[in-house]
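Residue strings, one per chain:
Number of protein chains: 2
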Amino acid sequence: MAIELKNLTKRADDYSQWYNELVVKADLAEQSAVRGCMVIKPYGYAIWEKMQRQLDDMFKATGVQNAYFPLLIPKSFLSREAEHVEGFAKECAVVTHHRLMNDPGGKGVVVDPTARLEEELIIRPTSETIIWNTYRNWISSYRDLPLLCNQWCNVMRWEMRTRMFLRTAEFLWQEGHTAHATRDEAQAKAIEMLNVYGDFAEKYMALPVVKGIKTANERFAGALETYTIEAMMQDGKALQSGTSHFLGQNFAKAFDVKFINKENQLEYVWATSWGVSTRLMGALIMTHSDDNGLVLPPHLAPIQVVIVPIYKNAEQLTEIDAVVEPIVAKLRDLGVSVKYDNADNKRPGFKFADYELKGVPVRLVLGPRDIQNGTVEVMRRDTLEKHSAQLQGIEEYVKNLLEDIQQGIYDKALKLRESMTFKVDTWEQFQEQIEKGGFLLAHWDGTTETEEKIKELTKATIRCIPMDGDDEPGKCILTGKPSARRVIFARNY
Amino acid sequence: MAIELKNLTKRADDYSQWYNELVVKADLAEQSAVRGCMVIKPYGYAIWEKMQRQLDDMFKATGVQNAYFPLLIPKSFLSREAEHVEGFAKECAVVTHHRLMNDPGGKGVVVDPTARLEEELIIRPTSETIIWNTYRNWISSYRDLPLLCNQWCNVMRWEMRTRMFLRTAEFLWQEGHTAHATRDEAQAKAIEMLNVYGDFAEKYMALPVVKGIKTANERFAGALETYTIEAMMQDGKALQSGTSHFLGQNFAKAFDVKFINKENQLEYVWATSWGVSTRLMGALIMTHSDDNGLVLPPHLAPIQVVIVPIYKNAEQLTEIDAVVEPIVAKLRDLGVSVKYDNADNKRPGFKFADYELKGVPVRLVLGPRDIQNGTVEVMRRDTLEKHSAQLQGIEEYVKNLLEDIQQGIYDKALKLRESMTFKVDTWEQFQEQIEKGGFLLAHWDGTTETEEKIKELTKATIRCIPMDGDDEPGKCILTGKPSARRVIFARNY
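Line by line, the protein sequences are chains U and R.
1 is the number of the first residue of the first sequence in the working numbering; add one for each residue after it.
1 is the number of the first residue of the second sequence in the working numbering; add one for each residue after it.
Hints were generated in silico from the structure; no laboratory data involved.
These numbers were taken from a predicted model, which means no experiment stands behind them.
Hints may be right or wrong, so weigh each one.
To be verified - Restricting the straight-line Cα-Cα distance to at most 25 Å, the calculated cross-link-like pairs of lysine-lysine (PhoX-like) are:
1. R:K107 / U:K253
2. U:K258 / R:K346
3. U:K351 / R:K60
4. U:K262 / R:K351
5. R:K258 / U:K60
6. R:K60 / U:K330
7. R:K258 / U:K25
8. U:K50 / U:K25
Said to hold, decoys possible - What the simulated footprint calls covered on chain U by chain R, stretch by stretch (three residues with Cβ under 8 Å from a Cβ of chain R suffice, anywhere in the stretch; the number is not a length):
9. 99–105
10. 148–161
11. 182–192
Here a beta-carbon is modelled for each residue, glycine too, at the ideal position from N, C-alpha and C.
Generate the whole structure from the sequences, applying the supplied hints.
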């Protein structure tokens, strides 16, 4: 029983190892035979599907439509936008041939050297180039704008060091690409989508985030402005959880996308792009989970409630089955996803440990004596607290409890973040605190040079310039030069 | 007005050209900058999303779970299953390098020759190999079975001649891969999934299909049996719309996937795989549409009802808006997707033509006189018939009408198929009829040799051996050798 669970490394012993083990032991994902690429297992994928469904609804509510653009991008497209190629084009999967043939030596198959492509094709690391090449034919007048497209797809970046969900060569994501008639409208859209990400993170993932602006150094390659949501993991490190870019007219210029405006003048189109990926799974896991396994927010848990019967013989099980059946039906009517696990080949203790490991938010345990008393044992996964509740009205009770848990884990994560966010005013303090983790609110002189020097000295990067931060004149933590406001420094995933 | 529509080629003049134009003019898809790859535009993608959602629900109702496996497959995997490599591995996209670098000559980027992969990777043409390589670690006991996974993803086959939706280098699909403890269970699962496809085609796509078994020659590479649903297009050609394969133990043997059965013996696992793709979009378009554009089945139409106001001034429009608003709300409550198009920058005639082109099943037109009379003009897209209906209760009326249309276009397609299905008993008849199109029910001696000879002579292939066909001894249409039952011959897409 619970052999796997016993072996889960504790967070305090090795947070990184705990994460890697948990991803595998909770059946979320595993390494594949292809370097840096993971297999997302059914339980992990079920969580991702819930995220997708919710985000997709939220995007559509803002007028966004889904579409699909090609996986492969002609190599020459990548060099059209000068900054973009610098930031993206280098580490990527390159398709050079389109045919295999039987090995003349009789050993399997080899690449057919005669089937070389005239121009190499790149597996998309992101799709601005191919999409803006397409938009050229879709946009000619202000009447064609705004154009609001999103795609759910796989992308590939040949990362050297990979970690499941956090950084993988292939990952799943959505990428929104919008086209606008004015600068203001595009900028507003970039912020609108950042707010969608923020709402999603807080209401569904129970993940408190700081919304902010990236420094020039951390900007998306080709963007004029990158907005971000930054979250804090339990080890005090930051995790960039979603970004939204105001691209100005850079891609329109690179791909010659112009429109006739209302004043009958030809103008380049304004752009945004924005994305979140399976990296959110990493954020979800690392924010809430504990030494017993996953803790999932009820709003994204594939199974919200599990019911486990305790019985000594078939007769008792039949009795319990009869009581549970209408409860399951009523919970489903209330929109609660519930599993009744009356499988006979596993002992209750094994089931308990397994559902704890998998982060099921609420567990109900029911035996013959409970039925006599009209009660049921309730355990909430976030606190591991057990208590007894009345069977009568248990469905509404559970529904409310799920909301309590959702709020509870959000509050807990927020409290942790607050307890690990520090205003730091001297370089000594900075160096000392960064070793302990957390968000450091400090002044910075606004130069890339200083930013990089601080990174070199402390491994801390500027996560963002908070959008709701106050103007507060001060002096740069490193150089002492003047600064208008504090920024957030942290080590990060 | 309706300039594009006027230019739509008529089916009778050039069916193939009509299809190609319709795909583009109805905003479903277009060619991309990458050979053989298409862009699926928002309107086309919205139809695909409705198909996905429905199929996904139907899969899950059979116990299937979604997962995600890598895009790239090590080249050596493809040669593990001997037949599979013959059927699949040849025309595919091969990744050989993982880095670009700045062109030393200063012209954009070039492939970095030092970043050559040790083993080439293939963009999946289908995923049996990588999935069975993964299943080896997931399955050790009969308790791990059945394993029922599906993935929604992109795949790539380097087709020489491509047509949008029907045959593209990259396409979207789902591929289910199941693992079972017994031969019977696997075979039953393959047939169960074929029936899911058949139900989906008939109830949602309004597409009558023949369920059947493929001949050895037309089988999936590596399968023991391939089941298929075959549909007839309006030009009398067949379109294979979905296949389900009983794979026996071939992939389990190739990837060494064994389990301990209930008798404590080690045994190879039994497998199925099954898939439908964006090719279904082609079937949908070609089955129902007409010379005025798309005809969409209400169950899959992104917009089921469009309401167009007719007015001379702002006052009249305000009056119509007030009447339409509660109708829109009630239709939505009834689960009907409705668009009220009161945009001022397009004339009603343009709107009519556009929604006809896009196949919106029901159009309501409303002017001041209609409001006075308490009536509304209703047009159904399938028959283009217009009639007047009472405004009172129009929501329920429309909801029922949508079901009538759904049934109507199914019946029409079935009638066409029946009128173009022929029992053929002489080789002369066969040769004559195949030129006119349709399904030819004829006897065949069961040999691949004869099948290929007939294909060579007439371009007709055996679409399937119908599963609900009667045993009826006869003589092969070409060789005169004995045959146990008729098979379906047709030319096909």
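Status of the hints after comparison with the structure:
Restraint check for K107 (chain R) and K253 (chain U): the C-alpha separation of about 19 Å stays at or below 25 Å, so the hint holds. Straight-line distance between C-alpha atoms of K258 (chain U) and K346 (chain R) comes to about 23 Å, which keeps the hinted pair within the 25 Å bound. For the hint linking K351 (chain U) to K60 (chain R), the alpha-carbon distance of about 23 Å falls within 25 Å, and the restraint holds. The hinted pair formed by K262 (chain U) and K351 (chain R) meets the criterion: a straight-line CA distance of about 22 Å does not exceed 25 Å.
Proposed proximity of K258 (chain R) and K60 (chain U) is contradicted: the alpha carbons are some 46 Å apart, above 25 Å. Among the hinted pairs, K60 (chain R) with K330 (chain U) is consistent with the structure: their alpha-carbon atoms are about 21 Å apart, no more than 25 Å. The hinted pair formed by K258 (chain R) and K25 (chain U) meets the criterion: a straight-line CA distance of about 22 Å does not exceed 25 Å. Taking the CA atoms of K50 (chain U) and K25 (chain U), the gap is about 21 Å. The hint holds against a cut of 25 Å.
Coverage of the region 99–105 of chain U by chain R holds. Counting CB-CB distances below 8 Å, 3 residues qualify, and the rule asks for three or more. Counting residues of the region 148–161 of chain U whose C-beta lies closer than 8 Å to any C-beta of chain R gives 5; at least three are required, and the coverage claim holds. Under the rule that three or more residues need a Cβ within less than 8 Å of chain R, the assignment of the region 182–192 of chain U is violated, with 0 such residues.
The structure does not agree with the numbered hints 5 and 11 stated previously, though it agrees with the rest.
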